[in-house]
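Novice: Sequence:
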Amino acid sequence: MMFRARKKSARDVSLYEPIGTDREGNEISLLDVIEYADPEIPEKIDLKDNTVYLYEVMHQILTARERQVLTMRYGLYGRQSVTQRETAAILGISRSYVSRIEKTAVQKLQKAFEKSGRSER
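Quick note: the sequence shown, position 101, residue 116 per our numbering, numbers continuous.
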């Protein structure tokens with residue numbers, strides 16, 4: 016039993032273990048070789064997190080009509096975005112009513128983001 020455990024861990028390699036030297040003679044670790052520092056990663060994570068939160072809040076606080084209008088107007092859930100005029104024609108309501116629904120829904124979402132502390136991100 017102990018032999019198998021050692022055999023499995025024998026292949027483990029530390030990311031900090033030196034694997035060679037660079038041109039100046041400094042040791043290089045495996046981490047130095049595979050590390051990729053994308054400065055946009057934190058922003059991408061925040062965007063993903065806020066998007067998930069947005070969809071959750073939409074289902075919690077918006078009416079079905081408000082969700083439908085925002086989904087059509089902003090192209091959510093992978094849909095193509097459409098104008099207020101096109102949204103009105105599809106839903107059989109006036110363009111001004113689409114505008115009011117959209118404004119109300121966006122204000123509700125803004126309040127939810129502010130209340131959660133996400134608006135500062």
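If you are wondering where the hints come from, they were derived from the structure by calculation, not from laboratory data. Be aware that one or more of the hints could be misleading.
Unchecked claim - DEER-style ranges, computed between Cβ atoms:
{"#": "1", "residue 1": "Q125", "residue 2": "N41", "range": "30 to 38 Å"}
{"#": "2", "residue 1": "V48", "residue 2": "T98", "range": "35 to 43 Å"}
{"#": "3", "residue 1": "E101", "residue 2": "L30", "range": "51 to 59 Å"}
{"#": "4", "residue 1": "T36", "residue 2": "Y89", "range": "47 to 55 Å"}
{"#": "5", "residue 1": "G90", "residue 2": "Y68", "range": "49 to 57 Å"}
{"#": "6", "residue 1": "N41", "residue 2": "T98", "range": "52 to 60 Å"}
{"#": "7", "residue 1": "Y31", "residue 2": "E55", "range": "19 to 27 Å"}
{"#": "8", "residue 1": "E42", "residue 2": "I76", "range": "50 to 58 Å"}
What the hints assert, rightly or not - Under the rule of at most 25 Å between Cα atoms (straight-line distance), these lysine to any residue pairs were calculated in the SDA-like manner:
{"#": "9", "residue 1": "K63", "residue 2": "I105"}
{"#": "10", "residue 1": "K126", "residue 2": "Y89"}
{"#": "11", "residue 1": "K130", "residue 2": "E101"}
{"#": "12", "residue 1": "K63", "residue 2": "M73"}
{"#": "13", "residue 1": "K118", "residue 2": "S44"}
{"#": "14", "residue 1": "K118", "residue 2": "Y92"}
{"#": "15", "residue 1": "K126", "residue 2": "Q75"}
{"#": "16", "residue 1": "K126", "residue 2": "E71"}
{"#": "17", "residue 1": "K118", "residue 2": "L62"}
{"#": "18", "residue 1": "K130", "residue 2": "P57"}
{"#": "19", "residue 1": "K59", "residue 2": "I105"}
{"#": "20", "residue 1": "K130", "residue 2": "T66"}
{"#": "21", "residue 1": "K59", "residue 2": "S96"}
{"#": "22", "residue 1": "K118", "residue 2": "Q95"}
{"#": "23", "residue 1": "K130", "residue 2": "I60"}
{"#": "24", "residue 1": "K123", "residue 2": "D61"}
{"#": "25", "residue 1": "K123", "residue 2": "T86"}
{"#": "26", "residue 1": "K123", "residue 2": "E101"}
For glycine and all other residues, C-beta sits at the position ideal for the given N, C-alpha and C.
Novice: Take the hints in turn and mark each one as holding or not.
Specialist: Consistency of the hints with the structure:
1. Q125 with N41: 30 to 38 Å: Violated, since Q125 and N41 (Cβ atoms, about 51 Å apart) do not stay within the stated range.
2. V48 with T98: 35 to 43 Å: Distance hint for V48, T98 is violated at roughly 51 Å.
3. E101 with L30: 51 to 59 Å: holds (53 Å)
4. T36 with Y89: 47 to 55 Å: For Y89 against T36, whose Cβ atoms are near 53 Å apart, the range 47 to 55 Å holds.
5. G90 with Y68: 49 to 57 Å: Violated: the Cβ-Cβ distance is about 18 Å, outside 49 to 57 Å.
6. N41 with T98: 52 to 60 Å: Since N41 and T98 have Cβ atoms about 59 Å apart, the given range 52 to 60 Å holds.
7. Y31 with E55: 19 to 27 Å: Roughly 26 Å apart at Cβ, these two residues keep to the hinted range, so it holds.
8. E42 with I76: 50 to 58 Å: Given range 50 to 58 Å: holds, Cβ gap about 55 Å.
9. K63 with I105: Violated - the C-alpha atoms of I105 and K63 are around 30 Å apart, more than 25 Å.
10. K126 with Y89: holds (19 Å)
11. K130 with E101: violated (33 Å)
12. K63 with M73: holds (15 Å)
13. K118 with S44: With a Cα-Cα distance of about 54 Å, the restraint between K118 and S44 is violated, given a limit of 25 Å.
14. K118 with Y92: holds (20 Å)
15. K126 with Q75: Satisfied, since the Cα-Cα distance of roughly 13 Å is no more than 25 Å.
16. K126 with E71: Within the cut-off at roughly 14 Å; holds.
17. K118 with L62: holds (22 Å)
18. K130 with P57: The given pair, whose Cα atoms are some 22 Å apart, holds under the 25 Å limit.
19. K59 with I105: violated (34 Å)
20. K130 with T66: holds (16 Å)
21. K59 with S96: Holds, at roughly 22 Å.
22. K118 with Q95: This hinted pair holds, its Cα atoms lying about 20 Å apart.
23. K130 with I60: It holds: about 20 Å lies between the C-alpha atoms, which stays within 25 Å.
24. K123 with D61: Since the Cα atoms of K123 and D61 sit roughly 21 Å apart, the hinted pair holds (cutoff 25 Å).
25. K123 with T86: With Cα atoms ~15 Å apart, K123 and T86 stay inside 25 Å; holds.
26. K123 with E101: holds (23 Å)
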